[in-house]
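In order, the protein sequences belong to chains A and B. With the numbering used here applied, the first sequence has no gaps in its numbers, which climb one by one up to 120 at the end. With the numbering used here applied, the second sequence has no gaps in its numbers, which climb one by one up to 190 at the end.
Hints are computed from structural coordinates only; laboratory data are not their basis. Every residue gets a Cβ at the ideal spot worked out from N, C-alpha and C, and that includes glycine. Be aware that a few hints might be false.
[What the hints assert, rightly or not] Covered stretches of chain A, as calculated for chain B (at least 3 residues, CB under 8 Å):
id: 1; region: 79 to 85
id: 2; region: 92 to 104
[What the hints assert, rightly or not] Straight-line C-alpha distance at most 16 Å; calculated EDC-like pairs for lysine to aspartate or glutamate:
id: 3; chain 1: B; residue 1: 122; chain 2: B; residue 2: 150
id: 4; chain 1: B; residue 1: 73; chain 2: A; residue 2: 83
id: 5; chain 1: B; residue 1: 73; chain 2: A; residue 2: 3
id: 6; chain 1: B; residue 1: 73; chain 2: B; residue 2: 150
id: 7; chain 1: B; residue 1: 91; chain 2: B; residue 2: 51
id: 8; chain 1: B; residue 1: 41; chain 2: B; residue 2: 51
id: 9; chain 1: B; residue 1: 73; chain 2: B; residue 2: 147
id: 10; chain 1: B; residue 1: 41; chain 2: B; residue 2: 150
id: 11; chain 1: B; residue 1: 73; chain 2: A; residue 2: 21
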Amino acid sequence: MSEDLDNTLRKALRRVDPGEDFTARVLARVAAEARSESSGDMRSANRSVSRLVWLPVALAASLVLAVVVTYEWQARRERAGLEARDQVIEALRVTSEKLDLAYQIVNSPPPSRTPDDAGA
Amino acid sequence: MKIATKCFAVPFLWAVLSLPALAAPLPGRLLLPDFSALGPKATESVSITLDAPLLATAARFLDGGDPDQRAVKDMIGGLRGIYVKSYTFEKAFAYATADIDAVRKQLATPGWQQIVQVRSGKPQTAVDIFVFQVQGESGGLAIIATEPREFTIVNIVGAIDLDKLHKLEGRFGIPKLPSTAGAGVQNPAK
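Just need the whole structure built from these sequences, with the hints factored in.
In structure tokens form, the structure reads like this:
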């Protein structure tokens, strides 16, 4: 049993001749991997550059959005304020008009009494 | 544990107890009926609802450097609300007098005092002016003016100074009363 295992291991780990083109294949593989790594670096660099380009664009867009929102908010606030101011003036005008009406009625001359009214 | 309960319970109790106070209408504030259904029938309508925050906003947009606007700013400074409902119709008595009577009933409650009541036969015009007094100081004003083809209800909440209102006459289209204004006004309280 133990001998079988030894034999199997020996067989599996025996020396094998890699062939004459082994060196050439290894060099070719190394060169191919080097090319692949170099193109990966380029892609990564390109990605970083595109990120750097979009960052100021995104910042500028955020800034423009913030300015627009603030402007719109202020414009709405101003419209509401001016509307409230006009309503105050209109309310005071109506109030004063009715006070004036009361004054006019009080100060209007009393209706002249006809002889019929006096019971004559 | 007990301290934590107390810390939580006191503000909670305070909040619960203050709820009715928050829900209660402001002293001097009238509950005006919803007249919006009259809008289509009216030839002219004015509906103004200005609560304290809106009055504060309006005050910010009044130019303190302009004497006219400054006068308005001074006047609304002590106010907590202005409510106006005014409708004019083509036909006489197109509005329900019951709605007006409902407002009059509110003015029969303690605090309100009628200072002016005028009636005119032709056309049938009535103007009633009430003030709301809080510990001897003005806390509001109400005006009910009815004519066959129009009615107006004004409710101003807060310390209204009629002298300041008088100073506004002749400005912003506010009618100018003669300098003896109020001298001949009937006072039903007397």
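The hints, checked one at a time:
1. 79 to 85: holds (count 5)
2. 92 to 104: holds (count 12)
3. B:122 / B:150: This hinted pair holds, its Cα atoms lying about 14 Å apart.
4. B:73 / A:83: With a Cα-Cα distance of about 15 Å, the restraint between residue 73 of chain B and residue 83 of chain A holds, given a limit of 16 Å.
5. B:73 / A:3: 111 Å, violated
6. B:73 / B:150: 29 Å, violated
7. B:91 / B:51: With a Cα-Cα distance of about 32 Å, the restraint between residue 91 of chain B and residue 51 of chain B is violated, given a limit of 16 Å.
8. B:41 / B:51: With a Cα-Cα distance of about 27 Å, the restraint between residue 41 of chain B and residue 51 of chain B is violated, given a limit of 16 Å.
9. B:73 / B:147: Between residue 73 of chain B and residue 147 of chain B the Cα gap is close to 31 Å, so the pair fails against 16 Å, i.e. violated.
10. B:41 / B:150: At roughly 11 Å apart (the allowed maximum being 16 Å), residue 150 of chain B and residue 41 of chain B satisfy the hint.
11. B:73 / A:21: 100 Å, violated
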